[in-house]
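Make a model of the complete structure from these sequences and hints.
One line per chain: the protein sequences are A and B, in this order.
The numbers in this note's numbering rise by one with no breaks, and the one at position 117 of the first sequence is 117.
Converting from the second sequence to this note's numbering requires adding 187 to each position, the first position being numbered 1.
Calculated from the structure, these hints are not laboratory results.
Treat the hints with care, since some could be wrong.
Computed Cβ-Cβ distance ranges for the label pairs, DEER-style [unchecked claim]:
#1 A/His150 - B/Asp240: 51 to 59 Å
#2 A/Glu65 - B/Ala297: 53 to 61 Å
#3 A/Glu74 - B/Gly367: 40 to 48 Å
#4 A/Gly72 - B/Arg243: 37 to 45 Å
Heads up, incomplete: computed chain A residues facing chain B, CB under 7 Å, no partners named [unchecked claim]:
#5 Ile89
#6 Arg92
#7 Val94
#8 Pro96
#9 Val99
#10 Thr100
#11 Phe104
#12 Gly108
#13 Val110
#14 Asp133
Think of the CB as a built atom: it goes at the ideal place given N, C-alpha and C, for glycine as much as any other residue.
In case you want the letters, here they are:
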Amino acid sequence: MGLRERAAPAGGVFHAHAQVMDAEDLRRAVTRIAHEVVERNHGLRGVVLVGLQTGGVPLARRLAEALADVEGAEAPVGSLDVAFYRDDIGLRPVMPEAVTSIPFDLTGKVVVLVDDVLFTGRTVRAALDALNDYGRPRAVQLAVMVDRGHRELPIRPDYVGKNLPTRRDEVVDVRADGVDVGEVRRG
Amino acid sequence: MTATHLLSVADLGADGITEVLDVSDSFVEVSERPIPKVPALRGKTVVSLFYEDSTRTRLSFETAARRLSADVMNFAVRGSSAAKGESLRDTVQTIDAMGVDAIVVRHSSAGAPRQVAAWVGASVINGGDGWHEHPTQALLDCYTIRKARGPLDGMRIAILGDIKHSRVARSNVLAFTMLGAEVTLVAPPTLMPPSLDGWPVAASHDLDDVLPKADVVYVLRLQKERQSEALLPSLREYTQTYGLTRDRAGRLADDALVMHPGPMNRGVEIAAEVADLPCSVVTRQVANGVAVRMAVLFLLLGSGRQGLDGADPADA
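Here it is, written out as structure tokens:
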């Protein structure tokens, strides 16, 4: 959720301290995760990808492309905005980022949730609730590019691009061409 | 949190309207799901307080609130203490004291919702007040046009019928013009407001001149009492001069939209078969109404916003 945290809740500007992955690192991580998804699910039968708005959506598309290269099969890609399922509605400004699009039935499928950064786990908790309203998946797996720790709920990823120890007040920014860690300076 | 209200389209501004329409897209998607319900307003209570009869607005608000998981209380004036002569102020303060989060008010007196807003801690939403305003109708109309035809900027919209007594017309003139549409009011002289000073609109008494140039024809309901008030010679003459008949609908541009806020008097202001033509988006207006009211309730009660004027909360 690096991008969303960068903009919210009180504004400010992101300042990078260090680059922790470059474009090649990202590409290799996506390719490795694609191999792991195929291995774990014995192929791609019944596997669908759902990217979390906003950072998980481009990653889900990249992962689908990598899966097509690895396995020669297409996995459907949807996108999910969890704003209406968040547990901090009323505590801070919560707005939908984009319209959810899951143009396929999830019942009986293996859903791979894709997000850029795993932090407290609260976004994933909201996503699990949201998925329920679209059907009953056979299983839900979680793929993230960066696991930065500081979990507040019993949630763990199945596929990780990079484990990155962070301070709670740091911000991780995942872009198409790399991953930065830094801080948001207010106003 | 300071309570915020939706009393007039004017309070929103163009940015505020656009934000409501953008968020409505998300709620249209929610409404199309197998389970069209989200937990966003769990624990919130929405009261509908209707001093005038209404089917679609009240049902639409209550459906919207339920799809957001809010609790809904319905205050029917008939059978209530208001029927025993309790004042509006005592009634709303009693409701407010029960700890509600939003009150949707419909009242025959213009300005009643603004007055209620001054008396209570809850958010107040104007569900129609006298001849004054009906802001959520205007929002759902803007949404319906934008979804069917794209941005309203530069669009030519004709509002046809009893402009003088219509809160829908007042709210829609504000909303359509704020979004950049060119609005022409079409009505007999007796059903035009006495003055159009300050309204950024054109006026016409000649429907057949306006129709071929319109991108949208917005037909207002004609209240049949207007005839007994001697504002109309006869309903039949009104239909001949100002009704959207089959013949007239045939002279509309190919991609023009026909809209009506309901309830329709088929055969009076709009011909029965015109209401069912593909260019008529009347049922889409109703469907979109639920999503737009979900957006309004969410923005007021759930988003952490301090208002509906489109301001970024980060700047607050």
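Verification of the supplied hints:
In this structure the hint that A/His150 and B/Asp240 lie 51 to 59 Å apart at CB holds, the actual value being about 55 Å. Taken as a hint, the range 53 to 61 Å holds for the pair A/Glu65 and B/Ala297, whose Cβ atoms sit roughly 59 Å apart. The hinted range of 40 to 48 Å is satisfied by A/Glu74 and B/Gly367, whose Cβ atoms lie roughly 42 Å apart. Evaluation of the 37 to 45 Å hint for A/Gly72 and B/Arg243 yields a failure: the beta carbon distance comes to about 53 Å.
Hint status for A/Ile89: holds, given a least beta-carbon distance of 5 Å to chain B, under 7 Å. At about 6 Å, the closest approach between the beta carbon of A/Arg92 and any beta carbon in chain B falls short of 7 Å, and the interface hint on this residue holds. Hint status for A/Val94 relative to chain B: holds, with the closest Cβ pair at about 6 Å, below 7 Å. Interface restraint check: A/Pro96 against chain B, minimum CB-CB distance 4 Å, threshold 7 Å, status holds.
A distance limit of 7 Å between C-beta atoms decides the matter here; for A/Val99 the minimum to chain B is near 5 Å, and the interface restraint holds. For A/Thr100, the interface hint holds, the least distance from its beta-carbon to any beta-carbon of chain B being 5 Å, beneath 7 Å. Proximity of A/Phe104 to chain B is violated relative to the hint, the smallest CB-CB distance being about 12 Å (cut-off 7 Å). The interface hint given for A/Gly108 is broken, as the beta carbon of that residue sits about 14 Å from the closest beta carbon of chain B, more than 7 Å.
The beta carbon of A/Val110 is not positioned within 7 Å of any beta carbon in chain B (closest approach about 19 Å), and the interface hint is therefore violated. Taken as an interface hint, A/Asp133 checks out: its beta carbon lies about 4 Å from the nearest beta carbon of chain B, inside 7 Å.
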